[in-house]
Each structure stands twice: as structure tokens, then as C-alpha cells.
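A.B. asks: Chains as they are written, first to last, in this note's numbering: chain E, 1 to 164; chain S, 1 to 164; chain R, 1 to 164.
Be aware that a few hints might be false.
The calculated lysine-lysine pairs, modelled on DSSO-like cross-linking and capped at a C-alpha distance of 30 Å, are [what the hints assert, rightly or not]:
id, chain 1, residue 1, chain 2, residue 2
1, E, K133, E, K26
2, R, K72, E, K164
3, R, K26, E, K164
4, S, K28, R, K140
5, E, K26, S, K164
6, S, K164, E, K148
7, E, K164, R, K133
Residues from chain E that face chain R, not an exhaustive set, calculated with beta carbons under 8 Å [what the hints assert, rightly or not]:
id, residue
8, V124
9, V135
10, G139
11, A142
12, L145
13, L163
To spell it out: a stretch of chain S is covered by chain R in this simulated footprint if at least three of its residues, at any positions, have a beta carbon under 8 Å from a beta carbon of chain R; those stretches are [said to hold, decoys possible]:
id, stretch
14, 3 to 11
15, 120 to 127
16, 147 to 159
Everything labelled a hint here was simulated from the structure, so no lab data went into it. The model shown is predicted, which means the values in this text are computed figures rather than measured ones. By construction, the Cβ of each residue, glycine as well, lies at the ideal position given by its N, Cα and C atoms.
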Amino acid sequence: MKILFIGGIKSGKSRLAEAYILEQTKQKPYYLATTEFIDDEMRDRITAHQQRRQDGFITLEEPIELLNVLKKHPTPVLIECVSMWLNNMLYHQHTEGRILQELTDVLLLPSDMVFVQNEVGFGVIPDNPLARKYVDISGKAAQLLGEKCDQVFFCCAGLKLRLK
Amino acid sequence: MKILFIGGIKSGKSRLAEAYILEQTKQKPYYLATTEFIDDEMRDRITAHQQRRQDGFITLEEPIELLNVLKKHPTPVLIECVSMWLNNMLYHQHTEGRILQELTDVLLLPSDMVFVQNEVGFGVIPDNPLARKYVDISGKAAQLLGEKCDQVFFCCAGLKLRLK
Amino acid sequence: MKILFIGGIKSGKSRLAEAYILEQTKQKPYYLATTEFIDDEMRDRITAHQQRRQDGFITLEEPIELLNVLKKHPTPVLIECVSMWLNNMLYHQHTEGRILQELTDVLLLPSDMVFVQNEVGFGVIPDNPLARKYVDISGKAAQLLGEKCDQVFFCCAGLKLRLK
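Please construct the entire structure, taking both the sequences and the accompanying hints into account.
C.D. replies: Set out below in C-alpha cells:
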């Protein structure tokens with residue numbers, strides 16, 4: 001099973017995704033953290049996430065090599081989050097084609113995965129070309145996930161709504 | 001009953017919330033306006049809201065002391081809106097902890113309340129640290145409301161979708 | 001029948017709307033392209049849309065005179081998109097009243113129409129007054145469409161959710 005939790009900033013998507021994977025699986029799931037660049041604000045967010053998770057998960061850290069890591073650590077895994085991975089890939093000058101291909105390959109793996117993604121496309125189109133590029137690839141990645149996942153949940157106000 | 005109407009700018013959330021509270025209650029409901037800072041643009045918005053409400057409501061105005069006012073004016077009340085109150089609280093240097101505690105206390109009051117809130121987290125993460133802080137606390141407040149309210153409606157294009 | 005597909009940037013709304021109108025109609029539908037200002041980035045988007053449509057549609061181009069064109073080309077028609085038309089109308093200094101009146105008149109035509117619109121109001125309120133004005137009129141147009149359309153679909157991650 002592949003499952004997507006998509007929602008805005010602080011929509012509760014991570015908490016909902018964590019609760020979901022813990023409910024659904026008997027074995028201790030993996031938690032794949034994709035964060036690469038860490039400033040103080042980010043560190044506070046990570047700490048808050050870690051405190052919430054406690055030791056319910058086995059934590060992996062990989063900002064770039066999503067496919068390689070997921071091949072080795074089979075199942076089930078929470079990918080937290082797709083948005084940060086997209087950001088890292090763009091920062092390291094990977095092309096859109098390469099990024100979407102890697103995501104396609106990840107989705108062909110047989111293992112159980114829960115993806116968390118920020119929805120970023122419901123505001124005004126950004127002035128900044130880089131932000132526009134990010135919004136675009138984020139939407140394309142979301143469409144790919146939306147197509148290939150078995151279940152998709154839209155998150156808002158800490159609640160989830162089934163899209164698929 | 002506690003009810004939340006959450007949606008984007010001009011999503012119709014205020015109109016939907018007003019119609020809802022008027023349908024549900026026989027007595028004339030209170031309308032708690034939380035606006036503090038008023039420029040010409042804001043004045044136009046307020047006038048538009050007032051014209052629509054006409055005299056269906058008893059208007060109260062309180063930008064900060066949400067708990068105190070709600071304790072005194074029991075029920076039912078439309079809080080318009082949570083987002084402006086959060087903004088005022090941050091402007092007056094209240095901490096996130098204090099703000100979320102006050103909202104928690106409000107939600108423990110037994111009276112019937114309908115909350116209106118702007119969803120602001122579905123765009124790109126703002127460059128501006130203050131805007132980021134606002135988006136964060138707004139999402140945390142929405143999660144608190146989403147957890148404690150009996151009903152939650154997501155608003156878009158003047159329509160509502162039940163989240164809870 | 002009037003139908004609205006509303007969603008964020010790259011939410012899949014155009015693709016969903018195209019698939020929907022092709023499924024629902026036996027005759028070849030019109031495709032009303034409202035784009036006026038074309039830079040390289042826009043050209044790439046248009047080309048991508050055209051390649052996807054191939055020759056399933058009869059393409060019309062009209063950035064401003066929505067009502068006049070729709071009167072002449074009766075049915076069924078996909079309007080791609082309302083957001084670009086709003087943008088063009090504001091650029092050409094049409095007032096909000098005039099713009100919403102034209103949209104009202106369009107919605108009174110008896111022909112079958114599928115509208116595509118960007119939802120832009122779920123981020124932070126923009127600093128820029130023009131962007132704020134755009135977000136406002138976009139929301140008002142969406143509420144008008146939401147009220148008058150027979151069906152409304154909210155789009156996210158390439159999936160659609162029925163709002164009405």
C-alpha cells in the first residue's frame with residue numbers, strides 16, 4: 001500500500017500520517033527524515049517532531065537518495081517529507097525530469113509507504129521564479145503520488161478528508 | 001456545540017458561518033468582532049460584512065480579551081474571526097503558549113460558539129519570519145479548534161465541505 | 001450544465017476538466033483559451049496544455065470578451081481559465097463591478113460550460129495591494145461560480161472532490 005497525506009503548513013499532516021502508520025502496522029515502522037539544511041528554526045521543528053514520535057519509529061536520515069534508501073529498508077516506512085526532498089533535489093541542480101523519474105521509481109517499489117507532502121499551490125503565484133519552479137514541481141509530484149497511491153488524504157485543521 | 005468554518009480569503013466562510021448560526025438558533029446570536037487595526041481597506045470590508053448582517057446579530061467588539069468577553073456573553077456567539085484575534089495577540093507580544101492557552105480555555109466554556117478562521121498555510125512558506133510565525137500559530141490554533149469543535153467545515157467557492 | 005473545477009497551481013484541475021468534458025459530450029467541445037500575455041514560461045505551459053489536448057477540442061482564443069465569444073460558440077465549451085481572464089480584465093482597468101457582471105451574464109447563457117479556476121486564497125494575505133485585489137476578486141468570482149454552477153469540484157494532487 002502507498003498512502004499520501006497532503007496538506008498545508010501545520011495542517012496536522014505529519015501527526016495524522018504517523019498515527020495512521022502506527023495503527024496500520026504491527027512491526028515498528030521506519031521514519032525516513034529528508035531534512036538536509038538545518039537552522040535554529042528547523043531544529044526546533046525537528047525536535048518537536050522527534051518528541052512526538054518518541055521511540056515508535058526507527059529513524060533513517062537521507063536528504064537525496066530516496067530510491068536507494070527505500071530499496072534497502074523495505075517496509076513499512078513513513079517518508080517525512082516529499083517537499084523537503086524536492087527542495088534538496090532542486091538545490092543540488094537535479095532536473096525536473098530526473099526528480100520525477102526517481103519518484104516514479106520509488107512508487108514502483110513493492111514496499112508499504114506513507115508519504116507526507118506540503119500542498120503549496122493554493123496561494124497567489126509567487127513573483128520569485130525559483131518559488132514558481134518549486135510550486136510547479138511540487139504539484140507535478142503530488143499528481144504523480146495522487147495517481148499511484150492507493151489512498152490520498154487531504155489534511156486541514158488537524159483533520160483528514162479522503163481524496164482517494 | 002462548537003463549530004469551525006475554515007477557508008481561504010473570500011472563500012465565503014463568514015457568510016456560511018453567519019447563515020449557519022442564524023439557522024441553528026432561535027434567539028438573536030452575538031457577533032464578536034475581533035478587528036483592532038482599521039485602515040480604509042479594512043473599513044470597506046467591515047462595512048460590507050455589517051451590511052450583510054443587518055440586525056440579525058448583537059455586535060460585540062473585542063480584539064484581545066476573548067475569554068473574558070465570552071464568559072460574560074454566554075451563548076450563542078459567532079467569533080469573527082480567530083485569525084484577526086491571533087494577529088492582535090501576536091502584535092501585543094503575547095507568547096504562543098499564552099495564546100493557545102487562552103484558546104484552550106475558550107473552548108472549555110460551555111456556550112455555543114461558531115468560529116471563523118482563515119486557512120493561510122496552503123501557499124509557499126513565506127520568506128518573512130513574522131509571516132512564518134503567523135502561519136505556524138494559525139495552524140496550531142486550527143488544529144486545536146479542529147480537535148475540540150463538534151463540527152468543522154472547509155470552505156471554498158462559497159461552498160462548505162464537512163471535515164468533521 | 002455549468003461545472004467548475006477549482007484548485008491550486010498544478011493541482012490537475014485542467015486535466016480533470018478536459019477529461020470530464022470529453023467524457024460527457026459526444027460532439028467535439030470548444031476550448032476557450034483566455035491567455036493574453038505570453039512570455040517564454042507561459043509559452044511552455046501553453047504548449048504542454050496543447051500537446052495534452054491534441055485535437056480533441058476546437059480551440060478559440062479570447063482574453064477579454066468572454067460573453068461575446070460564448071454567445072457565438074454555443075456549446076459545450078471549456079473555459080481555460082477564469083483566473084487568466086480576471087487578470088486580463090483587471091489589467092485593462094475594468095472595475096470589479098463590471099467584471100462580476102460579465103461573469104454573471106455568462107452564467108445566464110443556456111450553453112454547457114466547464115470552468116477552470118485557480119484557487120489563490122489559502123496562503124498569507126499578500127503585502128502587495130494589487131495581489132490583494134486580485135485575491136479578492138478571484139474569491140468573489142469563485143463564489144459566484146460556486147453558487148450558479150450545477151457541479152463544483154475541488155482539485156488537489158490530480159484528484160477531485162465534489163463540493164457541490
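A.B. asks: Confirm or reject each hint.
C.D. replies: Cross-check of the supplied hints:
no.	hint	in the structure
1	E:K133 to E:K26	40 Å, violated
2	R:K72 to E:K164	39 Å, violated
3	R:K26 to E:K164	28 Å, holds
4	S:K28 to R:K140	28 Å, holds
5	E:K26 to S:K164	28 Å, holds
6	S:K164 to E:K148	27 Å, holds
7	E:K164 to R:K133	34 Å, violated
8	V124	5 Å, holds
9	V135	5 Å, holds
10	G139	2 Å, holds
11	A142	4 Å, holds
12	L145	6 Å, holds
13	L163	4 Å, holds
14	3 to 11	holds (count 5)
15	120 to 127	holds (count 6)
16	147 to 159	holds (count 4)
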